[in-house]
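Trainee: Sequence:
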Amino acid sequence: MLKNLMLIITILTYSSFASASFIASNKDRIDPKLPTHVLVAGAPDELGELFIYSLLTRAKIYLEKSPSEQIIIIGRNEDKQYIRDAGFKIITSKFGLLKSDTIKLGIANIKYLNSMDIYAHSNPITGALLDIGTITFQILNEKDDLWDEVKNKTDQSSFIFIHGCNAGIKFAPLLAKKLRIAVFAALTSTDFQFIYKNNLWSSENKNEGLKKSDKNTLNYSTAKSCGIYCTRMKPDNNSYKGHWGDWSAGGYPTYKLFCGNNNNENCELGALEAIFSFPSIYKYKDIKLNLENFNNQLIEIMCPNESSTENREECRSNLLQLTNSNQTSNYSPFQGKTLNCDRGECKAHFNCSAMKAAFKPWLCELVSETDELSTTFTDEYQYFISIYKKNFTEKNLNP
Numbered sequence: 001m002l003k004n005l006m007l008i009i010t011i012l013t014y015s016s017f018a019s020a021s022f023i024a025s026n027k028d029r030i031d032p033k034l035p036t037h038v039l040v041a042g043a044p045d046e047l048g049e050l051f052i053y054s055l056l057t058r059a060k061i062y063l064e065k066s067p068s069e070q071i072i073i074i075g076r077n078e079d080k081q082y083i084r085d086a087g088f089k090i091i092t093s094k095f096g097l098l099k100s101d102t103i104k105l106g107i108a109n110i111k112y113l114n115s116m117d118i119y120a121h122s123n124p125i126t127g128a129l130l131d132i133g134t135i136t137f138q139i140l141n142e143k144d145d146l147w148d149e150v151k152n153k154t155d156q157s158s159f160i161f162i163h164g165c166n167a168g169i170k171f172a173p174l175l176a177k178k179l180r181i182a183v184f185a186a187l188t189s190t191d192f193q194f195i196y197k198n199n200l201w202s203s204e205n206k207n208e209g210l211k212k213s214d215k216n217t218l219n220y221s222t223a224k225s226c227g228i229y230c231t232r233m234k235p236d237n238n239s240y241k242g243h244w245g246d247w248s249a250g251g252y253p254t255y256k257l258f259c260g261n262n263n264n265e266n267c268e269l270g271a272l273e274a275i276f277s278f279p280s281i282y283k284y285k286d287i288k289l290n291l292e293n294f295n296n297q298l299i300e301i302m303c304p305n306e307s308s309t310e311n312r313e314e315c316r317s318n319l320l321q322l323t324n325s326n327q328t329s330n331y332s333p334f335q336g337k338t339l340n341c342d343r344g345e346c347k348a349h350f351n352c353s354a355m356k357a358a359f360k361p362w363l364c365e366l367v368s369e370t371d372e373l374s375t376t377f378t379d380e381y382q383y384f385i386s387i388y389k390k391n392f393t394e395k396n397l398n399p
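Numbering (the numbering used here), first residue to last: 1 to 399.
Just so you know, the hints here were simulated from the structure itself, not pulled from any lab data. Yeah, the Cβ is synthetic: ideal placement off N, Cα and C, and Gly gets one too. Fair warning: there could be bad hints in the mix.
Stated by the list, open to error - Computed Cβ-Cβ distance ranges for the label pairs, DEER-style: (1) M355 to S317: 43 to 53 Å; (2) G87 to L47: 18 to 28 Å; (3) S66 to K360: 44 to 54 Å; (4) G87 to F192: 20 to 30 Å; (5) D31 to W362: 21 to 31 Å.
Given only the sequences and the hints, what does the whole structure look like? Please build it.
Mentor: Structural data, given as structure tokens:
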């Protein structure tokens, strides 16, 4: 009996360290004085290398913006080789499972945090999944004391970007209220997109307009801002329905911005920086140059990247009509009901008891708290245009 017990303890102990995590950087060592972008890749499950590819795409854009800035990448040891191949240096990998304490250690000595990108599976109950142990899951959500550390290192141009599914119902709004900076998250499932020969970002199985010879062919030459891999995550253009139940009550066609409230000026510069650095066919510095370039980038992010030229142009046309207008519009390209949200939160909640979450999560559901037609999509577009004009055009600042 004792022998069997010792064997079990040995297995559990070994298993908890078999999965290890690392901290990497573009620098030989972490410099406390440098402005820093932190990127975290959680357990991918069946997704293989796609989280880390998406992470590296964003990291390369940050380096294009300013090669002197510091990148800190925090992930699981399974992804170390991808990091090395991309030219980053492993600072340390003497950790067990990837957890919030690993992130805290990675940022402990830096003075200023530009941004934090989180590539991980997420859900509206527990938050983002960092790692999977033998008997435990390592998660990150708005309650974690990591954010107390983060709050002391951010300012009005900082932002948080949660790239996984469904983090916009609870995680992102509450985090924005705590940090008082820009936080972006999805209100439905997210998928991976790549650039094809027709210069269109699209999910692998959704670009029906491509010729067979173009399938799975990344266009590096015309998408240099993507870095090496040209992979990004973007919300699906339909309501979530899956492991966590039926979300037909509402969704949103792109990442939603949360600021903590509707009057938080500390959110403006961070929100713009997040837009400037989102992977697209446009270059970071060109996007900041003038309103036309910024508008092209904004439409690229907000409109669904569908193979139908007609659908894409319809979305673009509807937004362009509002560029210099205060008109209210309930237009949305979302294939389903668009949620009513402001920059504080959405008028919706996730209905899921502890019993359902544990044993029958597919019976959970998203509940909309209003039947009003949504103007959220166009309100958000007009907000981005207005803060660009305010911070660059009207003040005649040199971006």
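Trainee: Give a verdict on every hint.
Mentor: Against the structure, the hints come out as follows:
Restraint check, M355 to S317: a C-beta distance of roughly 48 Å satisfies the suggested window 43 to 53 Å. For the pair G87 and L47, the supplied restraint of 18 to 28 Å holds, since their beta-carbon distance comes to about 23 Å. The hinted window of 44 to 54 Å between S66 and K360 holds, with their beta carbons roughly 49 Å apart. For the pair G87 and F192, the supplied restraint of 20 to 30 Å holds, since their beta-carbon distance comes to about 22 Å.
In this structure the hint that D31 and W362 lie 21 to 31 Å apart at CB is violated, the actual value being about 48 Å.
Of the numbered hints listed earlier, the single one contradicted by the structure is hint 5.
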